[in-house]
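Trainee: As you go down the protein sequences, you meet chains A and B in turn. For any residue, its number in the numbering used here is found by taking its place in the first sequence, counting from 1, and adding 2. For any residue, its number in the numbering used here is found by taking its place in the second sequence, counting from 1, and adding 2.
Keep in mind the hints are simulated off the structure, nothing from the lab. The reader is advised that the hints may include incorrect statements.
All copies of an identical chain are treated as equivalent in the list; a pair is satisfied when it fits inside any one copy or across any two copies.
To be verified - In silico DSSO-like cross-links for lysine-lysine, where the CA-CA straight-line distance does not exceed 30 angstroms:
(1) 40 - 175
(2) 162 - 37
(3) 76 - 15
(4) 164 - 175
(5) 175 - 8
(6) 162 - 58
(7) 175 - 162
(8) 193 - 15
(9) 162 - 193
(10) 164 - 193
(11) 8 - 58
(12) 58 - 193
(13) 76 - 40
(14) 8 - 54
(15) 37 - 58
(16) 162 - 76
This one's a predicted model, so the numbers in the text were calculated from it and none came from an experiment.
Number of protein chains: 2
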Amino acid sequence: MNYSSKIIENAVKALSGFPGIGTRSALRMVVFLLKRPKEEVNQLAESLMLLKTTLKSCRVCHNISDEEVCNICKSPNRNHRQLCVVEDMQDVMAIENTAQFNGLYHVLGGVIAPMDGVGPDSLNINSLVTRIENGHFEEVIIALNPNVEGDTTTFYIARKLKTASVQISTISKGISIGSELEFADEITLGKSISLRVPYQV
Amino acid sequence: MNYSSKIIENAVKALSGFPGIGTRSALRMVVFLLKRPKEEVNQLAESLMLLKTTLKSCRVCHNISDEEVCNICKSPNRNHRQLCVVEDMQDVMAIENTAQFNGLYHVLGGVIAPMDGVGPDSLNINSLVTRIENGHFEEVIIALNPNVEGDTTTFYIARKLKTASVQISTISKGISIGSELEFADEITLGKSISLRVPYQV
Chain A
3 MNYSSKIIEN AVKALSGFPG IGTRSALRMV VFLLKRPKEE VNQLAESLML
53 LKTTLKSCRV CHNISDEEVC NICKSPNRNH RQLCVVEDMQ DVMAIENTAQ
103 FNGLYHVLGG VIAPMDGVGP DSLNINSLVT RIENGHFEEV IIALNPNVEG
153 DTTTFYIARK LKTASVQIST ISKGISIGSE LEFADEITLG KSISLRVPYQ
203 V
Chain B
3 MNYSSKIIEN AVKALSGFPG IGTRSALRMV VFLLKRPKEE VNQLAESLML
53 LKTTLKSCRV CHNISDEEVC NICKSPNRNH RQLCVVEDMQ DVMAIENTAQ
103 FNGLYHVLGG VIAPMDGVGP DSLNINSLVT RIENGHFEEV IIALNPNVEG
153 DTTTFYIARK LKTASVQIST ISKGISIGSE LEFADEITLG KSISLRVPYQ
203 V
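My request is simple: use the sequences and hints to build the entire structure.
Mentor: Written out as structure tokens, the structure reads:
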């Protein structure tokens, strides 16, 4: 690609580093920025730099946070007897958006994946065990993705917590609400039959 | 959406201002940046700010440029007797990439579109006329998009240049190379028949 300016070329190269954004999309973004007021572009640039300079990992739950301890961990309005174990900050956001959970979180920072060189020690599992041993939790909900790595990690954590006097749950798996049985994949449909629940009238 | 941090929320909002990028894509970009080294993020931010602080419009052709006069206008290796009139800088890049044109450019900065309040005076048409009257151009190629606005603007410019002793051309329109007739739209196929060219053996 011939760019009429080195500055444009650099901006396109930097933007096309994002996943799913190619040279053409990056160029469209640059042209868009060229037409915006200077203040708006500076604000964007500053908000990106702040990501790396100001953000911390919460000392308690390892979720991303503006402060030492995050708002959820500090809040007196949350149920401090329920703990939800998730893989990363996006999962926290997804669960928060459901408004179905009012307890605390513990972010593992990944799942056990020996093929990618990720063992239990590179995750926040030890701090989870310590947190449960020293806390007053009644229930730990393990909410990991339903795949091999997620299931392995769930099994590993559940075994680690066996001796702790705490109820361990996992999120339910089955047919998505609003979907149609005939279009569901076989494994999910099979699971939803074997994991069937009694129907209350 | 519940964000665990105001800084993340601001970055997501700023990024989702781009055309074609929604909240989810913006969040994915933020998560990607969080995992990159600080230097890389700063470099991205700086290259975006440079877009607004350093870039100029070439005094001669109005293309975007690092300097007062752009590299194409300054180059002694270009044909200074041919001028190609385009809508914006992306068109310059697209034509440069074909390597089929070695003349100079003139960037209008848009096309005549009365519905959007864009008249001839808000475009770089007067400077085009002056440039041709004072220059030594032999040919002016008007390369605008083949739609109502593009055709109107082509007609307007051609009439303005009627008295200048210069050959006026437009880019050819017709069936795309490599496409199939049966899938071409009716208007293009019709045009490609009415605009047929003699075949040389």
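Trainee: For each hint, tell me whether it holds in the structure or not.
Mentor: Results for each hint:
no., hint, result
1, 40 - 175, "neither (49 angstroms within a copy, 38 angstroms between copies)"
2, 162 - 37, "between (56 angstroms within a copy, 29 angstroms between copies)"
3, 76 - 15, "between (41 angstroms within a copy, 26 angstroms between copies)"
4, 164 - 175, "within (22 angstroms within a copy, 73 angstroms between copies)"
5, 175 - 8, "neither (51 angstroms within a copy, 32 angstroms between copies)"
6, 162 - 58, "within (28 angstroms within a copy, 62 angstroms between copies)"
7, 175 - 162, "within (23 angstroms within a copy, 70 angstroms between copies)"
8, 193 - 15, "neither (45 angstroms within a copy, 39 angstroms between copies)"
9, 162 - 193, "within (26 angstroms within a copy, 73 angstroms between copies)"
10, 164 - 193, "within (25 angstroms within a copy, 76 angstroms between copies)"
11, 8 - 58, "between (35 angstroms within a copy, 12 angstroms between copies)"
12, 58 - 193, "neither (39 angstroms within a copy, 62 angstroms between copies)"
13, 76 - 40, "between (38 angstroms within a copy, 28 angstroms between copies)"
14, 8 - 54, "both (26 angstroms within a copy, 13 angstroms between copies)"
15, 37 - 58, "between (34 angstroms within a copy, 13 angstroms between copies)"
16, 162 - 76, "within (26 angstroms within a copy, 71 angstroms between copies)"
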